[in-house]
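Trainee: Chains as they are written, first to last, in my numbering: chain A, 1 to 194; chain B, 1 to 288.
Since the hints were derived computationally from the structure, they do not count as laboratory data.
Fair warning: this is a prediction, and the values are worked out from it, not measured in the lab.
Wrong hints could be hidden among the right ones.
[Unchecked claim] Restraint-style ranges between C-beta atoms, simulated for each label pair:
| hint | chain 1 | residue 1 | chain 2 | residue 2 | range |
| --- | --- | --- | --- | --- | --- |
| 1 | B | Val150 | A | Leu156 | 54 to 60 Å |
| 2 | B | Gly44 | A | Ala87 | 35 to 41 Å |
| 3 | A | Val178 | B | Gly286 | 39 to 45 Å |
| 4 | B | Gly146 | A | Arg65 | 46 to 52 Å |
| 5 | B | His185 | A | Leu156 | 46 to 52 Å |
| 6 | A | Val49 | B | Gly49 | 42 to 48 Å |
| 7 | A | Lys138 | B | Asp200 | 53 to 59 Å |
All C-beta atoms, glycine included, are put in the ideal place defined by N, C-alpha and C.
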Amino acid sequence: MLVFALAGWSGFFVMAIELLGGRILAPTFGNSIYVWGAVITVFMLALAVGYLLGGRFSMHAPSLRRLGTLLIAAGLTTLPVVLFGNAALDAIFDRVNDPRYGSLVASTLLFFVPTAISGAVSPYAVRLVVSTVDASGKSAGSLYFVSTFGSAAGTLLTSFYLVLLFEVNAILVGLMAVSIVLGLMAVLFRRVAP
Amino acid sequence: MLALVALFACGATAVVANELHSERSLYRNIIVYEEGSTRCMKFGRQATGRQTCQSLTEPDRLVFDYTRMMMAALYLNPSPQRILIIGLGGGTLPRTLQKILPTARIDAVEVDPAVVRVARTYFEFVPGQYTNVFEEDGRVFAKRMGRQRVRYDLVMLDAFDHEYIPEHLLTREFLLEIKGLLTEHGVLAANTFASSRLYDFESATYFSVFGDFYRLKKANRVILVRADGLPDRDELERNADRVEARLQPFGVGREWLLPLFAVESGWPKVTRLLTDQYSPSNLLNGSF
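Please work from the sequences and hints to get the whole structure.
Mentor: As structure tokens, then:
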């Protein structure tokens with residue numbers, strides 16, 4: 001059950017960050033179509049890499065504890081966006097003249113790592129819930145459902161409501177906090193019931 | 001049902017009859033049409049909001065109240081030599097300013113290349129000798145000019161359409177960047193919405209950057225500020241006299257403009273500022 005919660009939250013987390021990513025880049029590179037193009041490209045690439053690595057990672061002593069660690073890592077690697085985001089964007093703006101490549105570089109620098117780690121969550125979680133080869137498709141299907149449903153929820157809540165209530169950085173900190181708390185729960189759960 | 005069909009057919013005919021051009025650009029649907037003796041551009045087929053209108057019989061005459069009110073910027077600084085216009089529309093503002101101030105150097109910035117083409121083709125927008133058009137995001141342009149230490153005597157913000165606000169162009173940080181672009185007596189004129197919940201947020205945000213500001217209000221609100229503080233009534237009137245003859249061909253003058261000047265006030269003290277961190281302008285501008 002906790003595995004599903006982690007996968008669902010991870011989906012929420014990724015899409016919320018992606019939407020805020022466009023927001024974070026706009027003051028420096030505008031909100032033209034290519035800025036969104038850059039953000040989405042980087043998120044897709046990062047997820048692709050994450051899927052691959054998550055699958056590999058699941059081959060070695062898979063555990064709920066390690067899955068929790070992935071969420072904590074994704075949360076922590078988002079912290080630089082809050083701390084150094086503006087400084088990084090300014091530096092890139094000064095060095096890259098074309099805002100298309102500027103937004104691509106910025107988006108890579110700020111969002112690639114946490115998104116790749118989040119991408120690793122789903123395949124890793126599949127490994128934990130699959131009990132038999134026969135049921136593996138069903139398990140994977142349920143996991144995709146939860147994860148993508150989480151993404152839809154993250155997109156909707158962030159764009160409709162959260163930006164109306166909170167500052168971008170406050171939302172980021174909130175997202176990180178939930179990731180870390182859920183991650184810790186997974187880590188501790190493993191210890192309580194080995 | 002029949003009535004509905006009839007209404008629909010009627011509407012469709014009316015639109016087709018005088019539509020000159022329509023195209024889907026990267027950002028919007030652009031429609032150019034003629035209605036009576038005016039030619040207009042609107043974004044979106046259903047939209048009632050007209051972006052630009054030009055009189056076919058008196059092409060210089062400013063059709064919209066807001067474009068006339070924007071000219072009131074000259075009452076704060078009657079002879080700007082370097083001008084930045086963010087948001088082109090049909091090119092009314094640069095077309096007018098390059099006639100009023102033939103030696104002024106004008107930079108016009110428009111994010112949508114299709115709008116620039118339409119302005120040239122359908123609204124007689126021919127950039128003069130000292131006018132440059134830049135097809136890029138207004139904020140990116142302003143930031144770059146800031147880095148290059150370019151300064152303007154007049155900045156005009158006209159990047160909002162009737163229902164959509166580029167949210168990164170309505171934040172405290174953006175206004176600070178614009179403030180940094182102004183010369184000692186530099187003026188900012190901004191075309192903004194006059195109603196909706198956004199109004200107070202916008203007032204508070206402008207005030208936080210510039211202090212007191214003049215507003216001229218009709219269907220739109222034009223906000224006017226000057227880098228070295230607002231001029232008093234006497235100065236406004238003196239400047240109005242200086243530019244009266246030059247404004248006259250465009251159908252605007254002191255008798256109409258001066259009574260519209262008021263210092264904005266009355267928003268709640270606790271109003272939240274719009275910042276790069278908090279800028280849900282479109283949500284606030286809607287009826288939520």
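Trainee: Indicate, hint by hint, whether the structure satisfies it.
Mentor: Do the hints match the structure? See the list:
1. B/Val150 with A/Leu156: 54 to 60 Å: Once the Cβ atoms are compared, 42 Å apart, the range 54 to 60 Å for leucine 156 of chain A and valine 150 of chain B is violated.
2. B/Gly44 with A/Ala87: 35 to 41 Å: Given a distance of about 39 Å, which is inside 35 to 41 Å, the answer is holds.
3. A/Val178 with B/Gly286: 39 to 45 Å: 29 Å, violated
4. B/Gly146 with A/Arg65: 46 to 52 Å: Given a distance of about 50 Å, which is inside 46 to 52 Å, the answer is holds.
5. B/His185 with A/Leu156: 46 to 52 Å: 48 Å, holds
6. A/Val49 with B/Gly49: 42 to 48 Å: 45 Å, holds
7. A/Lys138 with B/Asp200: 53 to 59 Å: 54 Å, holds
The structure is inconsistent with the numbered hints 1, 3, although it conforms to all the rest.
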